[in-house]
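> Hey, can you work out the whole structure from these sequences and the hints?
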Amino acid sequence: MNAATELARRHRWRWWEALPWIAALAAFFVFPTYLAFGTQVLITILFALSLDLVLGYAGIVTLGHAAFFGAGAYTVGMLAAHWGWNEPISGLVAAAFVAGAIGLASGLVLLRTHGLALLMLTLCTMALLEQAANMGAAWTGGFDGMPGLSFSRILGLFSFDVLYFRSQYLYTLAVLFLCFVLVRMLVYSSFGQSLTGVRENLLRMHAVGAPVRTRQVLAYTVSAALAGVAGALFTQSNTYVNLAVLGLERSAGVMIVLILGGYGRLYGAFVGAIAYMVLEHSLAKAYPTAWQLGLGLTLVLVALYARNGVIGILVSLRRRFAGTAR
Amino acid sequence: MNTKLTQLSAALFLTAFAAVALAQTVKVGVVLPYTGGGAEFAQQVDRGIQTFMKHNPKAFGPYKIEIVKRDSKNPSGAEAKTAVQELIVQEKVDILTGFIYSGDAIASASLFTEAKRPAVIMNAGTAWITNLSPMIARVSFSMWHAGHAMGEAAAKNVKAKTAVVGYSDFPPGKDSLDAFKRGFEASGGKVIDEIPMGGPGQVPDFTPFFQRAKDKKPDVFFVFVPAGDHALAVLKTYGALGMRAAGIKLIGPGDITQDIKLQAMGDNAVGLITIHHYNADLDNAQNKRFVEAWKQDFGPNTTPDFMGVQGYDGMAAIAHVVTTLKGKIDADAAINALRGWKYDSPRGPISIDPRTRDIVMNEYLSEVVKSGGRLVQKNIATLTAVKDMCKELGEGRCKQ
Amino acid sequence: MLETKGLCKSFGALEVARDIDFRLERGARQALIGPNGAGKTTFVNLLTGVLAPSRGSVLLEGKDVTTLAQASRVKRGIARTFQINQLFRGLTVLENVCIAVSERLSVGGSMLRPAGARAAVIEEASRLIGMLKLGEDAGRRIVELPYGRQRLVEIAIALGLNPRALLLDEPAAGIPSAESHILLDAIATLPKDIAVLIIEHDMDLVFRFAERITVMVSGAIFAEGTPAQIAGNAEVRAVYLGNAA
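Chains as they are written, first to last, in our numbering: chain C, 1 to 326; chain F, 1 to 400; chain H, 1 to 245.
Think of the hints as simulated: they come from the structure by calculation, not from any bench.
Yeah, the Cβ is synthetic: ideal placement off N, Cα and C, and Gly gets one too.
Each hint should be verified, as a subset may be incorrect.
Claimed, not checked - Listed next, with one range per pair, are the computed distances between beta-carbon atoms:
#1 C/Val300 <-> F/Lys64: 38 to 48 Å
#2 F/Leu393 <-> C/Leu157: 51 to 61 Å
#3 H/Lys133 <-> C/Leu203: 24 to 34 Å
#4 C/Ala290 <-> F/Gly372: 29 to 39 Å
#5 F/Ala333 <-> C/Phe158: 45 to 55 Å
#6 C/Ala105 <-> F/Ala246: 43 to 53 Å
#7 H/Lys133 <-> C/Ser316: 24 to 34 Å
As the list claims (entries may be wrong) - Taking lysine-lysine and the DSSO-like style, the derived pairs with C-alpha atoms no more than 30 Å apart in a straight line are:
#8 F/Lys161 <-> F/Lys181
#9 C/Lys285 <-> F/Lys181
#10 C/Lys285 <-> F/Lys116
#11 F/Lys249 <-> F/Lys214
#12 F/Lys64 <-> C/Lys285
#13 F/Lys378 <-> F/Lys214
#14 F/Lys58 <-> F/Lys326
#15 F/Lys214 <-> C/Lys285
#16 C/Lys285 <-> F/Lys342
#17 F/Lys159 <-> F/Lys190
#18 F/Lys342 <-> F/Lys288
#19 F/Lys370 <-> F/Lys161
#20 F/Lys217 <-> F/Lys249
#21 F/Lys261 <-> F/Lys174
#22 F/Lys27 <-> C/Lys285
#23 F/Lys370 <-> F/Lys64
#24 F/Lys54 <-> C/Lys285
#25 F/Lys217 <-> F/Lys190
#26 F/Lys261 <-> F/Lys236
#27 F/Lys156 <-> F/Lys370
#28 F/Lys159 <-> F/Lys249
As the list claims (entries may be wrong) - Some residues of chain C that are not near chain F, with every Cβ distance over 12 Å (derived):
#29 Ala94
#30 Cys124
#31 Asp161
#32 Ala174
#33 Glu280
#34 Leu293
#35 Phe321
Structure below.
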């Protein structure tokens, strides 16, 4: 196909893009007892999607993304615990604003650096927030967290389902869909194209006169806001939040998920989160003390043989078939 | 006619058998951090559970116990909550137990209440956990047990008038500080300085904190830090600054003289005074039997510590529930069976407070001494039937 | 239109640009030659704002742009290519050029409209690609192209910025000599008022292309003149052309 026509059509929705959502809805009916876990998977997809915007598209390597997840998680938690603001959707908006603001402020400073210095500074930002949350234990509950949070009905209609997580699952799925549409729009826009430019060649991006730092900071801010929404959903669905939302483990975990699925590919977050979490969950169930071995081996194999993640394998297979067909 | 009768009797027999079989198996969900930073703790509790089940086969009467283990992984609470949720809705367990990290128990409390499943907490020590759900009973401890008792003992047994408190700046540390202060000052002592000494993550350089404590010249220096490397560093700094020669006694809760770490602490530990609800050197028949069984099962170089005995006692509590309810677990009846339950544990006599559903037990004041080439905890005094003073005094969230 | 006055740059004790007074006239077809290490690329970096001079100034159409950042100079019409390809290697040729064109049209930060829906950008990029005879490779990613073809993408990107002054740093390096005419043809089709400065070692190409030649040695301008003047300059022959030929 003509390259220009292909580019002009790239952003159009394709039929298979409906499949993940149909599958997610089907899972609601097929696995009614797995919806607590399912909700966690959906939240991880959103978190990984937010990371993909900076890591996969803008090429900003960060180990501190949990800072924004945590900021969002604590925003809804503290609003509910201290000010009785427990309306869930406005809570999400507030979380996005707070996390986005932290993303903007830290991005303005951090994104002056590159490489290892940037990596360290993202870690430091997260550590600072973690320590702040620890020191402000009167407000955050510290390690013990904030127990007994409650949230009002979603849209005033659906109450949170303590035991089966039905409403949490559908609510999270709906929020994920909206966020995905937003990210998809960004990725296919000229802005998204310029982010890939930043990732592919910073020097050249400067030389075509792009305001590189502004673009990076914008991407970082949007990504932080989305991570904040993921964190807020985490608190709302678990009705609990503690310091672990801010740890390195969460930052590194989401990065593994994204790399496993394939970064810079929009659907990598979906494939990675589902593959990683389903594997972990079923292994951990079967072998509660030794599951990490199996998971570790799988990750080593992926790192060795599928550097572009699961989606990368699929794409190269398709290329190979397309090549032989020609 | 004859065949009909046979069929009927066979059907009756099968129904009866099925009913018995159903009634006889009790499913127990165990939620512990089997992997990650808490794996060592989980192993202790898990071995405590195994030891009880293997060496007390008659405790469950005719009823069969089926254990379903789940890994709660990290201390975020969310993993534990998902594990509990699936144990309830998928495995349909009758009783839940385990819970090392307080956050795991706190996050899961709403599920216990909603699904009406009794939960026997085997570690999680934040004092107010038992207030979160009427379905919770705790066989472990609260941070106030040792802290408050140490405060009393420091004044009465160690005869201290003044104390400085140094603590790792996280909830157990702060709880310990509050508890010690209440106990010590109620018994006539005075806390003259409170020093936060960094977080629980990395081991800080304790020298400036200890120098500050030394300059205040207290009778005792009460230290709460996490077990392991922190405790080792504390002892080194204490020795290096010559605080013992300056007449300042180092005291603390038994977390810092955890049995499995004790031998690694070296001679610096000699003279250290701690208080705890268990140590492997306790001199009673139950404990002798327990430690012997443990070493026999898991190797002569292994030792149970307070977490091990908590797993053991937790299973004893569950056995009591199962036999009392004749294998048919009704949540309210189960919790009622646990209220006031008494047991002769390796840590001495224990019971569950009928009002608070929290443990009542002895606290042992002991000093580390060298005996036969190894470090041993020598009992100095025993405080009997110690309750969680946080709830007794109605402090903060402990208010009901 | 693009000039420098007393431009100096030193890295510590090392002087890489010494008091350079240079002019590039509107519509010029000029070449900058000199031995390796003469400071030619440094000079381009000073002109484009990648490096800040230690002393002296850079003027674009009489206005001092010395303190302006690279991006603003690009917006004012200074575009360059790199001695070693600096391309978006994972993207297609078309996307590479589209990124440049989008920036020039100031739509690169637009978040709402899909890049594919900007027909004007795609059309212009396609036109430039056709001009450089890259049409059949438009849909291929840079990594799949031979180096010589990649060089042409460098130029397409620079042209996509619609420059008034175009600085080409060894554009023919790595292009098979049979294909270098594509380069010259492309430059020949540029509007006459664009000034083109070419840094090149291929003297054949230099003398075919340039109407004026500047020789740089050790960070300073050594000689300047028409190709005939330079070719006839004995000193230039001695320091450079002699050993290049």
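> Next, verify each hint and record whether it holds.
Each hint tested on the structure:
{"no.": "1", "hint": "C/Val300 <-> F/Lys64: 38 to 48 Å", "verdict": "41 Å, holds"}
{"no.": "2", "hint": "F/Leu393 <-> C/Leu157: 51 to 61 Å", "verdict": "44 Å, violated"}
{"no.": "3", "hint": "H/Lys133 <-> C/Leu203: 24 to 34 Å", "verdict": "26 Å, holds"}
{"no.": "4", "hint": "C/Ala290 <-> F/Gly372: 29 to 39 Å", "verdict": "37 Å, holds"}
{"no.": "5", "hint": "F/Ala333 <-> C/Phe158: 45 to 55 Å", "verdict": "34 Å, violated"}
{"no.": "6", "hint": "C/Ala105 <-> F/Ala246: 43 to 53 Å", "verdict": "48 Å, holds"}
{"no.": "7", "hint": "H/Lys133 <-> C/Ser316: 24 to 34 Å", "verdict": "29 Å, holds"}
{"no.": "8", "hint": "F/Lys161 <-> F/Lys181", "verdict": "12 Å, holds"}
{"no.": "9", "hint": "C/Lys285 <-> F/Lys181", "verdict": "44 Å, violated"}
{"no.": "10", "hint": "C/Lys285 <-> F/Lys116", "verdict": "23 Å, holds"}
{"no.": "11", "hint": "F/Lys249 <-> F/Lys214", "verdict": "11 Å, holds"}
{"no.": "12", "hint": "F/Lys64 <-> C/Lys285", "verdict": "22 Å, holds"}
{"no.": "13", "hint": "F/Lys378 <-> F/Lys214", "verdict": "26 Å, holds"}
{"no.": "14", "hint": "F/Lys58 <-> F/Lys326", "verdict": "14 Å, holds"}
{"no.": "15", "hint": "F/Lys214 <-> C/Lys285", "verdict": "51 Å, violated"}
{"no.": "16", "hint": "C/Lys285 <-> F/Lys342", "verdict": "34 Å, violated"}
{"no.": "17", "hint": "F/Lys159 <-> F/Lys190", "verdict": "12 Å, holds"}
{"no.": "18", "hint": "F/Lys342 <-> F/Lys288", "verdict": "20 Å, holds"}
{"no.": "19", "hint": "F/Lys370 <-> F/Lys161", "verdict": "28 Å, holds"}
{"no.": "20", "hint": "F/Lys217 <-> F/Lys249", "verdict": "10 Å, holds"}
{"no.": "21", "hint": "F/Lys261 <-> F/Lys174", "verdict": "23 Å, holds"}
{"no.": "22", "hint": "F/Lys27 <-> C/Lys285", "verdict": "16 Å, holds"}
{"no.": "23", "hint": "F/Lys370 <-> F/Lys64", "verdict": "45 Å, violated"}
{"no.": "24", "hint": "F/Lys54 <-> C/Lys285", "verdict": "24 Å, holds"}
{"no.": "25", "hint": "F/Lys217 <-> F/Lys190", "verdict": "13 Å, holds"}
{"no.": "26", "hint": "F/Lys261 <-> F/Lys236", "verdict": "15 Å, holds"}
{"no.": "27", "hint": "F/Lys156 <-> F/Lys370", "verdict": "25 Å, holds"}
{"no.": "28", "hint": "F/Lys159 <-> F/Lys249", "verdict": "11 Å, holds"}
{"no.": "29", "hint": "Ala94", "verdict": "21 Å, holds"}
{"no.": "30", "hint": "Cys124", "verdict": "14 Å, holds"}
{"no.": "31", "hint": "Asp161", "verdict": "9 Å, violated"}
{"no.": "32", "hint": "Ala174", "verdict": "20 Å, holds"}
{"no.": "33", "hint": "Glu280", "verdict": "9 Å, violated"}
{"no.": "34", "hint": "Leu293", "verdict": "10 Å, violated"}
{"no.": "35", "hint": "Phe321", "verdict": "39 Å, holds"}
Of the numbered hints given earlier, the model fails hints 2, 5, 9, 15, 16, 23, 31, 33, 34; all others are met.
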